[in-house]
Each structure stands twice: as C-alpha cells, then as structure tokens.
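Each chain is listed here by its residues.
There are 2 protein chains.
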Amino acid sequence: MRSDLDTLMQARNLDAILVLGNAEHNPPMYYLIGGGHISNAVLFKKRGEPAVIYCNAMEREEAAKSGLEVIPTRLNATETLLNDTKEILDAQAITSGRVALYGIFDVGTTLALIKALKSAAPDVEFVGEEKDDSLFLHAMETKDDAEVARIRRMGKVTTEVVGMVADYLTSRDVRNDEVLLREDGNPLTIRDVKGKIASWLVERGAVDVEGCIFAIGRDAGIPHSVGNPDDVLRLGQTIVFDIFPGEAGGGYFYDFTRTWSLGYATPEAQALYEEVKQVYDKVIENVDLNVSFKEYQKLVCDEFNANGHPTPMHNGGVLTEGYVHSLGHGLGLNVHERPWSRHNANGDNLLKSGVVVTIEPGLYYPEKGMGVRIEDSYWVRPDGILEKLAEYPYDFVLPMKNWKKD
Amino acid sequence: MRSDLDTLMQARNLDAILVLGNAEHNPPMYYLIGGGHISNAVLFKKRGEPAVIYCNAMEREEAAKSGLEVIPTRLNATETLLNDTKEILDAQAITSGRVALYGIFDVGTTLALIKALKSAAPDVEFVGEEKDDSLFLHAMETKDDAEVARIRRMGKVTTEVVGMVADYLTSRDVRNDEVLLREDGNPLTIRDVKGKIASWLVERGAVDVEGCIFAIGRDAGIPHSVGNPDDVLRLGQTIVFDIFPGEAGGGYFYDFTRTWSLGYATPEAQALYEEVKQVYDKVIENVDLNVSFKEYQKLVCDEFNANGHPTPMHNGGVLTEGYVHSLGHGLGLNVHERPWSRHNANGDNLLKSGVVVTIEPGLYYPEKGMGVRIEDSYWVRPDGILEKLAEYPYDFVLPMKNWKKD
Numbered sequence: 001m002r003s004d005l006d007t008l009m010q011a012r013n014l015d016a017i018l019v020l021g022n023a024e025h026n027p028p029m030y031y032l033i034g035g036g037h038i039s040n041a042v043l044f045k046k047r048g049e050p051a052v053i054y055c056n057a058m059e060r061e062e063a064a065k066s067g068l069e070v071i072p073t074r075l076n077a078t079e080t081l082l083n084d085t086k087e088i089l090d091a092q093a094i095t096s097g098r099v100a101l102y103g104i105f106d107v108g109t110t111l112a113l114i115k116a117l118k119s120a121a122p123d124v125e126f127v128g129e130e131k132d133d134s135l136f137l138h139a140m141e142t143k144d145d146a147e148v149a150r151i152r153r154m155g156k157v158t159t160e161v162v163g164m165v166a167d168y169l170t171s172r173d174v175r176n177d178e179v180l181l182r183e184d185g186n187p188l189t190i191r192d193v194k195g196k197i198a199s200w201l202v203e204r205g206a207v208d209v210e211g212c213i214f215a216i217g218r219d220a221g222i223p224h225s226v227g228n229p230d231d232v233l234r235l236g237q238t239i240v241f242d243i244f245p246g247e248a249g250g251g252y253f254y255d256f257t258r259t260w261s262l263g264y265a266t267p268e269a270q271a272l273y274e275e276v277k278q279v280y281d282k283v284i285e286n287v288d289l290n291v292s293f294k295e296y297q298k299l300v301c302d303e304f305n306a307n308g309h310p311t312p313m314h315n316g317g318v319l320t321e322g323y324v325h326s327l328g329h330g331l332g333l334n335v336h337e338r339p340w341s342r343h344n345a346n347g348d349n350l351l352k353s354g355v356v357v358t359i360e361p362g363l364y365y366p367e368k369g370m371g372v373r374i375e376d377s378y379w380v381r382p383d384g385i386l387e388k389l390a391e392y393p394y395d396f397v398l399p400m401k402n403w404k405k406d
Numbered sequence: 001m002r003s004d005l006d007t008l009m010q011a012r013n014l015d016a017i018l019v020l021g022n023a024e025h026n027p028p029m030y031y032l033i034g035g036g037h038i039s040n041a042v043l044f045k046k047r048g049e050p051a052v053i054y055c056n057a058m059e060r061e062e063a064a065k066s067g068l069e070v071i072p073t074r075l076n077a078t079e080t081l082l083n084d085t086k087e088i089l090d091a092q093a094i095t096s097g098r099v100a101l102y103g104i105f106d107v108g109t110t111l112a113l114i115k116a117l118k119s120a121a122p123d124v125e126f127v128g129e130e131k132d133d134s135l136f137l138h139a140m141e142t143k144d145d146a147e148v149a150r151i152r153r154m155g156k157v158t159t160e161v162v163g164m165v166a167d168y169l170t171s172r173d174v175r176n177d178e179v180l181l182r183e184d185g186n187p188l189t190i191r192d193v194k195g196k197i198a199s200w201l202v203e204r205g206a207v208d209v210e211g212c213i214f215a216i217g218r219d220a221g222i223p224h225s226v227g228n229p230d231d232v233l234r235l236g237q238t239i240v241f242d243i244f245p246g247e248a249g250g251g252y253f254y255d256f257t258r259t260w261s262l263g264y265a266t267p268e269a270q271a272l273y274e275e276v277k278q279v280y281d282k283v284i285e286n287v288d289l290n291v292s293f294k295e296y297q298k299l300v301c302d303e304f305n306a307n308g309h310p311t312p313m314h315n316g317g318v319l320t321e322g323y324v325h326s327l328g329h330g331l332g333l334n335v336h337e338r339p340w341s342r343h344n345a346n347g348d349n350l351l352k353s354g355v356v357v358t359i360e361p362g363l364y365y366p367e368k369g370m371g372v373r374i375e376d377s378y379w380v381r382p383d384g385i386l387e388k389l390a391e392y393p394y395d396f397v398l399p400m401k402n403w404k405k406d
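Note that the protein sequences, when read in sequence, are chains A and B. For the first sequence, the positions run 1 to 406 when our numbering is used. For the second sequence, the positions run 1 to 406 when our numbering is used.
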C-alpha cells in the first residue's frame with residue numbers, strides 16, 4: 001500500500017526517489033499524485049517526507065489537485081532539471097545517499113538526465129530497478145479499500161459491456177455460409193465489434209487504451225493476437241475476447257476473458273473449453289491465503305501436462321501451442337503487476353490479503369484454428385476469501401436468436 | 001522522413017539504434033513498425049540495414065505485420081535482453097561503435113538495461129539524446145503524403161466532433177441564472193460535455209488518450225487546465241476548447257483549439273478575442289517558406305508586448321498571465337514535436353516543405369476569469385503554401401437557439 005513506501009525505501013536503502021513523466025499513463029506518478037493533466041513532471045520524494053512536484057506553470061493547477069507542494073517551472077520540468085540540475089538537487093537537499101528513478105518516460109532523455117544528475121551530484125548514487133520487482137510494484141501489490149472499489153467498478157463496466165457484446169452478436173442474422181450479418185446486411189467484422197466495444201466503454205467512463213483482444217479461429221490460438229479487423233464473424237469458431245479497460249484519465253484497470261463459440265461448437269473446441277474450465281475451477285477451489293502464486297501455476301502445468309499439452313514448466317524454448325503463458329498476475333494501475341505467477345517466480349509473490357489478481361488458464365492450438373482462455377479478476381480479502389470482483393456466466397456456446405442448426 | 005534515418009544516423013555518428021517499449025503509444029517504435037498490439041519489444045536497427053524486432057512469442061504475429069524480421073522470445077523482450085545481453089548483442093553483431101537508445105519505457109528498467117549493455121559490450125558507446133532534438137524528431141519533422149493524409153483525416157474527425165459539440169451546447173435550454181441545462185433538466189457540466197466528446201471521437205476511430213481541454217472562466221485562463229468536471233456551463237464566459245485526438249491504436253494526432261462564449265460575450269472578453277484573432281491572422285499572412293518558426297513567435301511577442309501583455313520574450317520568471325507559451329509546434333506521432341517555435345529555439349526549426357505545425361496564439365488572464373486561444377494545424381506544402389488541414393469557423397460568440405438576451 002501507499003503507506004508502505006517509506007518502509008520499502010528503507011529496506012532498499014533509498015534516501016529519495018525521483019519520478020519522471022506524465023501523470024495519467026504512468027503508474028508510479030499516478031500512484032503518488034492521483035492523475036491529472038500534467039504532461040511532464042519531476043517528482044521528488046525523500047524518505048519520511050511528502051513528495052514535491054516540479055511542473056510547467058501552465059499545469060500548476062492540475063498538479064495542485066494532488067494536495068502536494070508544486071514548484072512551477074518556466075520550461076518543462078525535465079528540461080528544467082536538465083538545465084538546472086545542481087540548483088534543483090540543492091533545493092531538494094539531495095547531496096548524498098542513494099536515489100532511485102522511476103516512471104515511464106523517454107529513454108533518451110532519461111539517459112541524458114542520469115548523466116547530468118551524476119555529474120551535478122557525484123556523491124549521490126543514482127540507481128534504477130527493473131520494473132517487475134520495483135519498489136512501486138511492491139507497494140502497489142496490496143490494495144486499500146478505495147483501490148479495490150475502483151477496480152470493482154471497472155469490473156462492473158467490463159461485464160456490462162461484455163454482456164452487450166454477447167447480446168449484439170447473438171441477435172445478428174446469419175448468412176447461409178454461417179457468416180454473421182450487420183444491420184445493413186453486410187458481413188460483421190471484428191472492426192465493427194471493436195468499434196462498438198470502444199463506444200460502450202467510453203460512455204461508461206472507461207477506455208481500452210491498448211485495445212482489447214477479440215480474436216477468432218487461428219488468431220484465437222495466439223494469446224496476444226488482437227484479431228484481424230477485416231475478419232468476419234462466423235458460427236462455430238472459438239472467439240477469445242480479452243478485455244482490460246482502465247478508468248478514463250489513467251487509473252485502475254480490470255482484466256477479463258471469455259471464450260465463445262457462436263451458434264454451435266465443434267466437438268474438439270468443446271472438449272478444449274471444458275478442459276480449461278476444469279482447471280480454472282480446480283485453481284479457484286484450491287487457492288489458499290499466503291501461498292505463493294506460482295504453486296497454482298505449477299498445479300495448472302501439471303494438469304495440462306498430464307493431458308499431453310506442452311507447458312512452460314515442462315517444455316523449453318519458445319512455446320507456440322498448448323499452455324503457453326502464466327496463470328495470472330496482479331492488477332491495479334498496471335494491467336500486469338505483482339504478484340507474479342511464473343513457475344520460477346520469486347517465492348515472495350504471495351496470494352496475501354489485499355492483492356488483486358487475475359486467474360486465466362488457457363490452451364492454444366493455432367494450427368487447429370482454436371484457442372481457449374477463461375479469466376476473472378479476484379481480490380484476496382482480509383478474511384482470506386478469494387472474491388471475484390465481477391460476475392459473468394461461463395457459457396461457451398452462445399445460442400443465436402435467429403438461427404438454428406439444421 | 002523515414003528515409004532520412006540512415007543519413008541522420010551517419011550525421012550523428014551512430015552505428016545502430018535500439019528502441020524499447022510498446023508499439024502503440026511509443027512514437028519511435030510506431031514510426032519504425034507501424035503499431036500493433038506489442039506490449040514489450042526491443043528493436044535493433046543498424047545503419048543502412050532494416051530493423052529487427054524481438055518480442056514475446058505470444059505477440060509474434062502482431063509484430064510480423066510490420067514486415068520486419070521478428071525474433072520471438074520466451075519471456076518479454078526487455079527481460080530477455082537483460083538476461084541474455086551478450087548473446088543478443090553478439091547475434092546482432094553489435095560489438096563496437098556508437099549505439100543510441102530511444103522509446104518511451106520504464107525508467108528503472110532503462111537504467112538496469114544500460115548497465116547490463118555497458119557491461120556486456122565495453123567497447124560499445126551507448127548514448128541517449130534529449131527527446132526534443134533527437135534523431136527521431138528530426139526524421140519525423142517532415143511528413144510524406146501518407147502521413148499528411150492521416151493527420152488530415154484526424155482533422156476531419158476533430159472538426160466534425162467540434163461542430164457536434166457547438167451544436168449540442170447551443171441547443172440547450174438556459175436557466176434564469178444563465179446556466180445551461182441537460183436534456184433531463186439538470187445543469188450541464190464539463191463532465192457531461194467531455195463524455196459526449198469521448199463517445200463521438202471513439203465512434204469515428206479516434207481517441208483523446210490524454211483527454212481534451214474544455215475549460216471555462218478562470219480555468220480558461222490557465223492554458224493546460226483541463227477544466228473541473230463538476231463545473232457547470234454558463235453563458236457569457238470564455239470557454240477554451242483544445243482537442244488533440246489521435247488515431248485509435250496509436251498513430252497520428254490532430255491539434256485544434258477554439259474559444260467560445262455562449263449566448264453573448266463581455267466587452268472585455270470580446271476585445272481579448274479580437275486581439276488574439278488579429279495576431280493569428282497576421283502570422284498566417286506572413287508565414288514564408290524556410291523561415292525559422294521562432295521568427296513568428298518573436299512577431300507575436302512583439303505584437304502582444306506592444307499592447308501591454310507580458311510575453312516569454314519580454315518577461316523573465318514564471319509567467320501566469322498574458323501570452324505565456326509559444327506560437328506552436330510540429331505535430332505527428334507526437335502531439336508536440338519538431339519544429340519548435342520558442343523565441344530562443346535552434347535556428348534549424350524551419351517552416352520547410354513537409355512540416356505540419358500548429359499556429360496557436362493565446363492570451364490568459366485567470367484572475368479576470370478569462371483566456372483565449374485559437375489554434376489550427378497547417379501543412380507546409382511542397383509549393384510553399386501553408387495549407388490548413390481542417391476548416392472550422394472562428395465565431396467567438398455562439399448564439400443560443402432557445403435563449404435571447406433581454
């Protein structure tokens with residue numbers, strides 16, 4: 001939690017942290033100042049002290065909404081830091097000790113800045129931590145009630161929109177060759193569906209900044225293939241619909257996947273779906289408080305391996321079929337954050353009270369034209385119960401309202 | 001242009017470049033691979049050779065859409081580079097010379113990576129350039145026809161939506177105290193208006209990732225104040241509406257501002273508007289091919305200064321009223337890019353053939369509760385003509401359909 005930052009700084013022997021970048025799509029900055037339209041900020045936080053924000057005077061009132069001290073600059077904040085490095089470090093009384101840098105920011109400017117910082121303060125050790133195990137991902141790992149409420153609200157928006165998509169798809173007319181038709185009689189494409197998803201999300205104060213995954217057939221067999229916009233929707237093919245909207249203006253995400261087959265399913269796809277669903281259920285039934293997340297990844301790998309599927313734990317190299325990813329991940333200001341579930345992750349990635357995680361087993365066979373993933377986001381409550389943050393049915397075959405199999 | 005990259009690399013004595021980050025909201029990566037759902041990539045490009053992309057195998061088909069060589073990795077690409085630094089540098093035959101890093105990426109991981117790179121290849125000089133004058137901003141500065149067409153299309157979307165907003169606002173009923181009312185009879189807020197803007201943009205394949213500026217009264221007097229969502233809309237107050245949507249999935253931006261006063265304007269606001277409009281017109285009439293952009297910033301500063309307004313050229317320190325910013329900026333994959341117009345910018349920021357720039361003078365008096373900015377985006381054509389990329393009227397007072405002054 002936010003209140004752990006000073007303790008975490010101490011454990012890492014950090015005297016101060018320096019965060020660079022904008023305030024909206026930059027989790028460390030957002031975490032400390034709560035968003036706002038600040039396109040370029042430099043934030044200093046010394047251990048045990050509140051943060052201070054430098055930003056262009058044009059954005060001073062946006063920054064002031066954070067309640068933190070704001071120092072307006074004539075130029076952009078990072079430009080000012082590059083020009084007046086020593087003056088600013090002196091003003092912040094950073095002349096010795098260890099300082100870590102965070103944020104999402106321009107790579108070249110980061111390197112120019114680190115050079116200027118080292119030269120202006122040779123007695124300070126400036127360091128960078130790999131993101132996936134950083135101070136911020138440790139602090140963010142456990143959520144307070146306000147954060148859980150925001151993720152839950154995104155979950156409500158997500159499942160509402162998913163329901164609208166299901167209703168829209170199953171209400172389509174179907175051509176003789178099993179292609180779905182739009183209202184105007186033309187074939188329904190992935191582009192059409194994604195346009196509707198984007199509109200329905202925005203109307204509810206959410207955005208899919210990175211775009212959702214809505215992939216059919218062979219594309220469904222490649223976990224991060226977002227789907228070809230020109231592909232038309234057809235009956236009887238697996239559709240992987242993975243949607244991870246965030247609050248408009250930056251903020252908290254939800255993460256959710258269903259796999260559907262419209263009208264009917266092939267027996268092979270049906271069997272694949274049931275296999276994934278059984279493993280999903282097994283994980284949910286077995287989750288215990290304070291166990292390493294990776295234990296469940298191992299469980300899933302063992303289950304799938306026993307059924308003859310390749311897994312990251314049993315097979316080396318680059319996997320392109322079978323179970324090719326991890327069971328889940330933490331969820332918050334980042335779509336992917338701690339705790340991690342890779343089978344060889346650090347043992348400190350625990351399903352402890354306050355974490356919010358996805359559970360998302362899947363099986364992928366692109367050459368067979370199919371893929372299945374089922375995903376929900378869960379909160380580990382203080383009483384140890386794993387609470388799903390948004391309910392949605394698990395139907396695989398969605399019956400079409402205006403079509404019946406001969 | 002993209003074809004200038006090798007020449008620019010040579011001029012900067014760069015043997016290779018390395019780009020980090022995602023493919024959608026990361027201009028250098030987007031510029032080289034054209035977007036796609038790739039959450040984490042490492043791109044190498046040696047001078048005179050095509051680029052090579054490392055990315056997670058799950059995203060291999062998204063990356064392959066670029067037409068470039070794709071090397072799938074088992075873990076994320078940057079994690080792989082951190083683990084197998086020497087192997088990858090050897091595979092790319094990068095063992096000496098000068099390599100610059102680019103992209104928008106996690107700051108801590110960037111620093112961890114640079115450490116690993118320097119240690120794995122001590123004979124290579126790894127460098128970072130400050131973004132605003134980087135290789136990429138120089139290459140991106142002049143646009144080819146396809147790029148101009150995409151910016152123009154965003155301009156069409158932008159002005160269409162702005163027209164819808166004007167039509168919606170002027171169709172409102174007005175309460176006795178001059179507050180605008182929603183369809184349901186409640187006061188119309190900035191939140192309501194922004195929700196409509198977001199929906200109308202998304203329906204047209206655009207997004208305002210960073211959110212537009214729709215600021216009234218005092219907030220209109222602070223250039224980057226985005227407006228308080230709870231503020232209600234009233235007649236007779238300056239509204240600064242600055243909208244800069246980008247193509248969905250990352251891509252090209254448009255940038256546009258109008259200042260409105262609904263129903264009527266105070267004489268003081270009307271005078272301020274006319275002053276800005278006169279200066280705007282003077283700039284457009286005077287723009288010449290291949291002149292430094294800053295010459296027009298100086299012209300604007302001189303004009304405003306002669307009328308008694310503070311300007312960045314005539315007044316030191318942090319400016320909070322008068323003319324407090326620059327005349328404009330280049331526009332493309334970045335909302336702000338070269339050429340720059342600051343009065344003390346480098347002389348090589350020319351209005352040369354192929355650049356797309358905003359022209360956006362403004363005057364701001366927050367304590368008087370008003371601000372005015374007028375902005376359009378222009379293309380400097382090969383024949384030297386400055387072509388506005390989207391037309392929109394310059395009315396300041398928007399008459400209300402259901403309201404008349406007593």
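Because the hints were derived from the structure by calculation, they are not lab data. Computed from a prediction, not measured in an experiment: that's the story for all the values here. One thing to keep in mind: the hints can contain errors.
One copy or any two copies: either way a pair holds, since identical chains are not told apart in the list.
[Unchecked claim] The calculated DSS-like cross-link candidates involving lysine-lysine, where the alpha carbons are at most 30 Å apart (straight line), are:
#: 1; residue 1: Lys-368; residue 2: Lys-65
#: 2; residue 1: Lys-277; residue 2: Lys-118
#: 3; residue 1: Lys-65; residue 2: Lys-196
#: 4; residue 1: Lys-368; residue 2: Lys-405
#: 5; residue 1: Lys-282; residue 2: Lys-401
#: 6; residue 1: Lys-282; residue 2: Lys-65
Hints and how they fare:
1. Lys-368 / Lys-65: This pair counts as between: shortest inter-copy Cα distance 21 Å, intra-copy 53 Å.
2. Lys-277 / Lys-118: Neither way: Lys-277 and Lys-118 sit 53 Å apart in one copy and 47 Å across, limit 30 Å.
3. Lys-65 / Lys-196: between (34 Å within a copy, 24 Å between copies)
4. Lys-368 / Lys-405: within (23 Å within a copy, 70 Å between copies)
5. Lys-282 / Lys-401: This pair counts as neither: shortest intra-copy Cα distance 33 Å, inter-copy 63 Å.
6. Lys-282 / Lys-65: neither (46 Å within a copy, 38 Å between copies)
In the structure shown, a violation is registered for the earlier hints numbered 2, 5 and 6, in ascending order.
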